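Visitor: Construct the complete structure from the given sequences, taking the supplied hints into account.
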Amino acid sequence: MSVIKEIRSVLALKCVGIAGAGGLGSNVAAMLIRSGVGKLIIADFDTVSIPNLGRQFFFKDQAGMPKVEALRDNLLRIEPDAVLQMHCVKISPENIPLLFSTCDVVVEAFDEASEKMSFISEMTSRFPKIPLVAGSGVGGTGGFDKISVVRSGNLFICGDFESEVSETLPPLAPKVTAVAALQADTVVRILMGEE
Amino acid sequence: MKITLNNREEYFEGDELTISRIMEIRSFKFKMLVVRLNDSPVRKEDYSVTTVKDGDDLKILHLVSGG
Chain R
1 MSVIKEIRSV LALKCVGIAG AGGLGSNVAA MLIRSGVGKL IIADFDTVSI
51 PNLGRQFFFK DQAGMPKVEA LRDNLLRIEP DAVLQMHCVK ISPENIPLLF
101 STCDVVVEAF DEASEKMSFI SEMTSRFPKI PLVAGSGVGG TGGFDKISVV
151 RSGNLFICGD FESEVSETLP PLAPKVTAVA ALQADTVVRI LMGEE
Chain D
196 MKITLNNREE YFEGDELTIS RIMEIRSFKF KMLVVRLNDS PVRKEDYSVT
246 TVKDGDDLKI LHLVSGG
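Same order as they appear, the protein sequences are chains R and D. Position one of the first sequence corresponds to residue 1 (my numbering), numbered consecutively onward. Position one of the second sequence corresponds to residue 196 (my numbering), numbered consecutively onward.
Calculated from the structure, these hints are not laboratory results. Any given hint could be a false lead.
Claimed, not checked - Over 10 Å on every C-beta distance to chain D, these chain R residues come out as not near it, computed from the model:
1. Gly22
2. Gly23
3. Gly38
4. Lys39
5. Phe59
6. Ala63
7. Glu79
8. Lys90
9. Leu98
10. Lys116
11. Gly142
12. Asp145
13. Ser152
14. Pro174
15. Val179
16. Glu194
As the list claims (entries may be wrong) - Listed next, the in silico DSBU-like pairs over lysine-lysine satisfying Cα-Cα at most 30 Å (straight line):
17. Lys224/D / Lys146/R
18. Lys226/D / Lys146/R
19. Lys60/R / Lys39/R
20. Lys129/R / Lys90/R
21. Lys239/D / Lys146/R
22. Lys60/R / Lys248/D
23. Lys239/D / Lys90/R
24. Lys197/D / Lys146/R
Just so we're clear, the structure is a prediction, and the values are computed from it rather than from any experiment. Yeah, the Cβ is synthetic: ideal placement off N, Cα and C, and Gly gets one too.
Guide: What follows is the structure, given as structure tokens:
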């Protein structure tokens, strides 16, 4: 079997959870579907807005739609056979087990650092065996050589760990997508047993 | 003592130091930090009572907003 066929046959049997469907989550989802991941469980409570289009995997005519619904439509256009479980909910300690306990890998794709923090501590304490791929540092332009993935046990964090999104360091498509790509690549490597 | 701090070998005076002391020495002043000692999570309230010894692997990772 060719390497690409082997990768796709393994990924087809896997389930990945994504917490947040914004700049990181929507792009990670698209890349995982393109890579052949069989099932995604995605949760986000937000709706698509026009500024989101600067970096997120949505289209102008989807403004106002719940992100999980718009993302389902877009992912199914890539792969109509993908199994997608979309949840329009705010993620909390109460629903984390229900949403993500059956996943092979989970991706943290929140915007706020405090939400990243609580999701990471919740997941690593309650589900230490599920690999968790988080993101930190996606703002502005340049500094791509500082983007890395740091691993500690089953926790992987991707980003440059410093460029906090702000007025002066806005989230722009190239860097946000680069970190999303590193997250998606890390997920694939974990699922293929390379990490 | 020699420890691995964020994947780099680093030397500190003494045989052991608390995580709080290492944060002071290295000026880690950020609020949102993920701290892992030998791949186990360390909670904020335990920084001042958790000691790091020669050969330990310590990670102090900064979480920033954006995503």
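Visitor: Now tell me, hint by hint, if it's right for this structure.
Guide: A quick look at each hint next to the structure:
1. Gly22: 6 Å, violated
2. Gly23: 6 Å, violated
3. Gly38: Consistent with the label, Gly38/R stays out of reach of chain D, its closest Cβ about 25 Å off (over 10 Å).
4. Lys39: 22 Å, holds
5. Phe59: Label holds. Min Cβ-Cβ 20 Å, cutoff 10 Å.
6. Ala63: 20 Å, holds
7. Glu79: 24 Å, holds
8. Lys90: 16 Å, holds
9. Leu98: For Leu98/R, whose nearest Cβ neighbour in chain D is about 23 Å away, the distance exceeds 10 Å, so it holds.
10. Lys116: 5 Å, violated
11. Gly142: Nearest chain D Cβ is 15 Å from Gly142/R, so the label holds.
12. Asp145: The claim stands: Asp145/R keeps its Cβ more than 10 Å from every Cβ of chain D (closest is about 16 Å).
13. Ser152: 4 Å, violated
14. Pro174: About 13 Å separates Pro174/R from the closest Cβ of chain D, which puts it past 10 Å; holds.
15. Val179: It is violated; Val179/R is separated from chain D by about 8 Å at its closest Cβ, not greater than 10 Å.
16. Glu194: 18 Å, holds
17. Lys224/D / Lys146/R: 20 Å, holds
18. Lys226/D / Lys146/R: 21 Å, holds
19. Lys60/R / Lys39/R: Holds, at roughly 26 Å.
20. Lys129/R / Lys90/R: Holds, at about 24 Å.
21. Lys239/D / Lys146/R: 27 Å, holds
22. Lys60/R / Lys248/D: 55 Å, violated
23. Lys239/D / Lys90/R: Since the Cα atoms of Lys239/D and Lys90/R sit roughly 25 Å apart, the hinted pair holds (cutoff 30 Å).
24. Lys197/D / Lys146/R: 25 Å, holds
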